[in-house]
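Peer 1: Could you slot chain B onto chain A? The hints should help.
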Amino acid sequence: MATSATRSEVAPRSTPRRRQFSVTPYLFILPHLVLFTLYLGYPFFYGLYISLFQFDYLRPERTLFVGVQNYLSLFTPGSVEYQTFWNALGNTLEFVLYSVPLLVVLPLGLAVLLNTKLPGRNIFRAIYFAPWVLSVSVVGLLWWWIFQSQGGLINYYLDALNLPEPRWLSSLPWAWVAIVVATIWWTVGFNMIILLAALQDIPGHLYEAGAIDGATGWQMFWRITLPLLRPILLFIVVISIIASFNLFGQPYIMTGGNPQTPSGGGGTEAVMMRIYDEGFRRSRQGSAAAMSFVVATLMIIVSYANFRLLRQREE
Amino acid sequence: MRSLLRQCTLLMLVVFLGVTAAACGTQQGAATDGQGTSGTATGGTDGQGTSGTATGGTSAVAGLPAECSNVQLEYWNPFSGPDGPFMGELAERFGAETGVQVAMTSINNNNPPGGYYTRLATSQASNLLPDVAIIHADQVATQAFRNVIRPMDDLVSEMGIDGGDFPEAVWNAGEVAGSRYAIPLDIHPMTMFYNQEALQQAGLSGPPTNAEEFEQAAQTATNDETFGFMLTTGFPIQQIFQQMLHQFGGSEFNEDGTEATWNSEAGVQALQWMKNAQEQYGEPNLEVDAELNAFRSGGVGMIWNGIWQTADMTGEGVEFQSGATAVPQIGPQPAVWAGSHQLALPAQSNPDPCKEAAAALFIRYLIDNSVEWARAGQIPASNNVRASEEFLAIEPQAAIAPSVESAFFPPSVPGITDAFLPMAEAVGAVMSGNAPDIQAALDDSVARANQILEQNRQNFGEAPSQ
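Same order as they appear, the protein sequences are chains A and B.
Numbering-wise, this note's numbering puts 157 at position 157 of the first sequence, and it's gapless, one number per residue.
Numbering-wise, this note's numbering puts 470 at position 155 of the second sequence, and it's gapless, one number per residue.
A couple of the hints might just be wrong.
To give a feel for the contact side, a few chain A residues facing chain B, derived at Cβ under 7 angstroms [said to hold, decoys possible]: (1) Y207; (2) G256; (3) N258; (4) G264.
The hints are simulated quantities; they were obtained by calculation from the structure and are not laboratory data.
Note that the Cβ used here is the ideal one computed from N, Cα and C, for glycine as well.
Pulled out of the complex, with its shape left as it was, chain A reads as follows (with noise of 0.2 angstroms):
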């Protein structure tokens, strides 16, 4: 009602209309603006502020400025902190690099194949996006009982095949399998529903236009659906890269951060658990603020590189 009101006063005056405040847009985002400051930026600009603290927050009386001493260390090779957190940031983007792709790649396929008039096709649909609605400590167990090593359902099957039987869950490269797959298991079926919904935009008669010319069903995909699909794509790339660097349960459940290096530091231990045991296991919360905006800066970077991308490419 505001809203009608509001533009039928402003309607008449076409021209200034843009110079004119008006309440209304800020009524809309404010119940969003209130919980953004509330539960993100004021915990960001805290969490910046306590970075630059001894900070532990049971003991404010020990509560000791330091400066950039916490940024420092991490960057002061030697020093604990150095070892560990760039262990796991290097195992951290490793992992980006292994989920990222298939991620995207497997996703695309599925919705294409349940796009197609396929029998039982909703079926297939609630099977692949059904692990999605699980949490990630469900998700964890089950795959850790399927990678174990003594009568895993997959070493089973191996033993039976006269195959030979990693150790999933403890040696590397094999622990990456297995956590890039529970990964994929269980987020795929989300890429695909918004893949799938993008796929249903593309209008049919592209495609009817395409076979009048002769196009083979693998031309029409390079050339009608993959195009269309792009910002969409993208789009996908972007969270995916996001959700990746958030790492953090699967791990932590199923490998436990291992197998060790000598050096210091899990094979697998992935940045957010060295956060997580930086701040709440060992009580330096400042330090682990610290850590988490180095983080968050290299995330920054990595999403402003991809905007620019989607950008360009829509252009």
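Peer 2: Below, chain B alone, put in the same frame as chain A:
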């Protein structure tokens, strides 16, 4: 598009309902422990009403100040496993006998690791701490310095608890910077589980107790069908390393806990022994808990793990004859790794004197009746209880019990568990074949641990603030 969205929403709803139903199921299951106690809290009052000990609910409890009535205690512990109901029953009995009702909450500390302490810490921050809490021995100093628990020197003499009734090491673990913060309830040592059939085939009448017997048993039990002895690359290999380190005459830290010392000759010997054992009797690169699963399927002769695995590894937990006993002494010194649950008073901002007195009664009651707690698979910390006939009748706990006299505990220094992280990394790296040079791996981890100890000194200071 719209129908697709509708399908998905519907599907999500269905699955969520399913998950919620499952979660509700487990919650109800888990709640039986908690509600067992709170449920009996009301049941107890009914009982009192009928038996007539309480008239109008203002009963004076023996041992409590006269003005205290209707005292209720909140009691938190990490016993979220099968041990929870045993503790719940004890708390219930205390309620029935004294009229002080205890509401017990068990919080899982393994998943996520340290979850129990995170919960305590956040409760401290929001002033919602319970009246009594279990604290692990290696956490007492950290929790004292983080203002989660408070000193109780006065109460200890009031309770009539004597330090001489406990093994020295476990009693000392409850003391921080000269003040008493916790009373040991139990000791849970590293335990050897053995497959009776595998040992019999090896020609042994009983489980090995020394290095020669152990080697003989492990050697003969290593054949086409079974492994003799299994070490993984995860928990509890760090604890086994500590145990072997002490057995070879070493120690993790110097006496005041300011320096890590596990790169000593004893440390190299200990880790070399483990590596050899893994190569000769087991297999490399096993994930955490693989030895437990292998043991249960009958594929391994002997394993070492915490005493809390007894129910799963013996009796009805397995389909063959198996036993649990004290770990053998491999090195020249007797030593066994152990943890200890200790009873402490959380640092509430305004402690209620009535609740404090009731908490003291409750702690004394739990120590005196810890033979009941032993049935949950623990060894009572009190020497008197361990010597009692009632306890000596409980097997295999009684067979394992003598080993706790050589149990060792880390120095009572805040953040000491952090300093163990590099040790776990070094031991894990060696056992998973990622670090061929044992001395170098240990030296490296000691250097990192010393940095952590130095950071902790800066971080925590000399003494708790209260």
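Peer 1: All hints are to be evaluated individually against the structure, with a verdict given for each.
Peer 2: Tested hints:
no.: 1; hint: Y207; in the structure: violated, 17 angstroms
no.: 2; hint: G256; in the structure: holds, 6 angstroms
no.: 3; hint: N258; in the structure: holds, 6 angstroms
no.: 4; hint: G264; in the structure: holds, 5 angstroms
Violation of the numbered hints given earlier is confined to hint 1; every other hint is satisfied by the structure.
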